[in-house]
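Visitor: Take a look at the letters that make up each chain.
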Amino acid sequence: MSTQAVAGTATRRPRPGGASTTKKKQWRAAYLFVIPFFLVFVTMLIVPLFYSGYLSFFATRLVGGTSFAGVENYVKTFTDPLFLAGLGRTALFLVIQVPIMLGLALFFALALDSGRVRGAKVLRLLFFVPYAIPGVVATLMWGYLYGQDFGPIDQVLGFLGLGQPNLLSDSNVLGSMMNIVTWEFVGYNMIIMYSALRSIPAELFEAAEIDGASQFRVAWSIKIPAIRPAILLTVIFSIIGSFQLFNEPSLLRNIAPNAINSSYTPNFYAYNLAFVNQDVNYAAAVAFILGIVIMIVSYVVQLTTQRRERLG
Amino acid sequence: MRKRAPRTALALGVGLLTTALLLTGCTPGTSTGGTTTTGTVSQADIDKAMKTPTTLTFWTWVPDIQNEVDLFEKAYPAIKVKVENVGQGAPHYTKIRTALKAGTGAPDVAQIEYQYISSFNVTKSLADLTPYGGAKLKSDYVPWVWNQVVQNGQVLAIPQDSGPMGNLYRTDILKKAGITTPPATWDEYATDAALVKQKTGSYISDVASSQAGQWLGLLWQAGAKPFGYDGKKGVTVDVNSAKAKQVVSYWEKLIKADLVSTDPDFTDAWYQGLAKGKYAGWLTAAWGPIFLQGTAKNTSGLWAAAPLPQWDASAPASGNWGGSSDAVLATSKNKIAAYEFAKWINNDKSSTSLFASKQFLWPTANNVLTDSAFTDTKSAFYGGQQVNKTFSDISNTVDTKFEWLPYMDFAYSSFTDTIGKQIASKGDLSAGLDAWQKALVDYGTQQGFTVNK
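As you go down the protein sequences, you meet chains A and B in turn. The first sequence begins at 1 in the numbering used here and counts up by one. The second sequence begins at 313 in the numbering used here and counts up by one.
What the hints contain is simulated information worked out from the structure, not anything from laboratory work. Hints may be right or wrong, so weigh each one.
With the Cβ distance kept under 7 Å, some of the chain B side facing chain A (calculated, not the full set) [stated by the list, open to error]:
1. S522
2. F722
3. G732
4. Q759
Cβ coordinates follow ideal geometry from the N, Cα and C atoms, glycine included.
Please put together the full structure from these sequences, using the hints given.
Guide: Given below as structure tokens:
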């Protein structure tokens, strides 16, 4: 504690001598702590990123080898119907699945926070469990549940005389995927919102309750506005996650190969371009554009909510 | 909802590749062209090489192949072979390509499926085995299989196994529909399909919408020549030829009438379908009979094997689905020993018989195919039928000239997205072929090939 005080004064009144060597030592220690992360960050993220950027300006052909292509790959991306269709699909996924998932997460968080649910601790854990299951395992599991003829969902529906819909058909598979992702991430988002709810000072809604406000009123007018930043965080995470969909299409393609094409989502498309079509250059361009699209959408969402906050 | 792993993986993969390239100081392309065709290798050279202590690396996914390798090591004690399984199919090829690009780490001998030989030949990654005596092996193998490993007079690999196609069917279900002999022609097959569906509710077979291998086998049987590659810059793409369209429009009728199913194969649902009699048959390759025994154990004794139904009953024909060869990579430093090894395990009777009897690989070497110990084996699963004999006869009817594109990875993936989609949705299969044709031509052109349509 005393060092903190010393450091505090040192910042205010920098002077040569003892205090500055302490400070130097601290700096050195700080950098030493940061270096391991920074090394990994640079070699595993920055360098590959620049290399992919570099690659995206070339074209490699099986016959003729590599040549400089300029922005050709980028121009191609914007007119590539497969890429645009994949992007559209993820956008659709975003506008339908994200509100449902976050709505559910918010509802569960509020219910647990209201203190009126028995066994709230156990429930909280149960909601969270799907997130602890690796995405790959979850998708394989759901793939089995969705199976026609042998999957439990279809068997139950068939037993009830409701027919046996093919949940992995061309028109249903996107919905089936939304269901998997929702199931997987409701708990995760709920925990973020729940922990934000716990940090609201209790006096606020105690006062409201004394004034006779109903639980819904308290939730709507006090709790939700109070955890707005947490909700915004989950929205941004969800947007990034939606555009980066990969596990689900990649694994479900094995059991529904014709419903899910090789360019189902932009991320899956980039993967197939690189490893099936062996077109690493074009894949790099697609990945970059996808990254830019994600940044733009996230930024727009953040900007609009901030403006609304200011207006409000 | 944070799923960043794949993107990072991609970046990582690209990054690792860079590092690999940087470390070895290599640019893609320099590690190729190691084939030196300086005349024939003399017997003295071979003897010397086989007595020099050498360690060979062999990448393959054939289970228990160590047994055959042990036999080889017993015959040539100086040579040690390190067997490595780096994945089956696509991951295996990806790793070979990466190692070739890196310039180090590639095996001496690698398993390569017939349809991928061209894609390694285009990068000149396979050693021409002619100088080592490869051409002399021609008469040891079935002619159509031999053609698969020869390109432009160069022997690029030694055949290991193959998959001539036949028809496996449930005798009990067909009998219920009043059918006692397997359909000899495709017309009969269509009639039978209607009977089977009507009387038993089963589909006469499943033609998987995602199984390009099976569909290409059926095109092969009909005499279509969808692909071609001259070993240099020229490829031929003709997947929507009149012959091919004739085949798919035949199936389109059956699919639209709901007489055959188009479920994806090798999935849980499909295994269930075979075991429970949803499908009364399977148009499959010679490796199918053994595979089926493991999959549909409970139906033992109810199956039988027959040749594929024919387009022209007077000239029986078949196609191939699957099978592999063993190739010597151009980067190998011990090409003589590598060749002798690839040859020995796929040519010496003790090894080829073991492949056929233990791993159940369908043989390509005449010394097994003509061996009565192999052909006369009776199978209880097939009601005591001599299934091997049936398929050996089929093997002789396979059309001998069938080529592949040097980019089959893309061709298969694009099959699923174009015609496969039409098959699954009971749509217009001919339009699907046209779409596939366009995708293959576009890709070929973009990759710098001269495409003949």
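Visitor: Now, for every hint given, state plainly whether the structure supports it.
Guide: Right, here's what the structure says about each hint:
Taking 7 Å as the C-beta contact cut-off toward chain A, the hint placing B:S522 at the interface holds, the least distance being around 4 Å. Annotation: interface hint on B:F722 holds; nearest CB of chain A at approximately 5 Å, less than 7 Å. Here the hint on B:G732 is kept, as its CB sits about 5 Å from the closest CB of chain A, short of 7 Å. Contact between B:Q759 and chain A, as hinted, is supported at the beta carbon level, the nearest pair being about 4 Å apart and thus within 7 Å.
Checked against the numbered hints given earlier, the structure satisfies every one of them.
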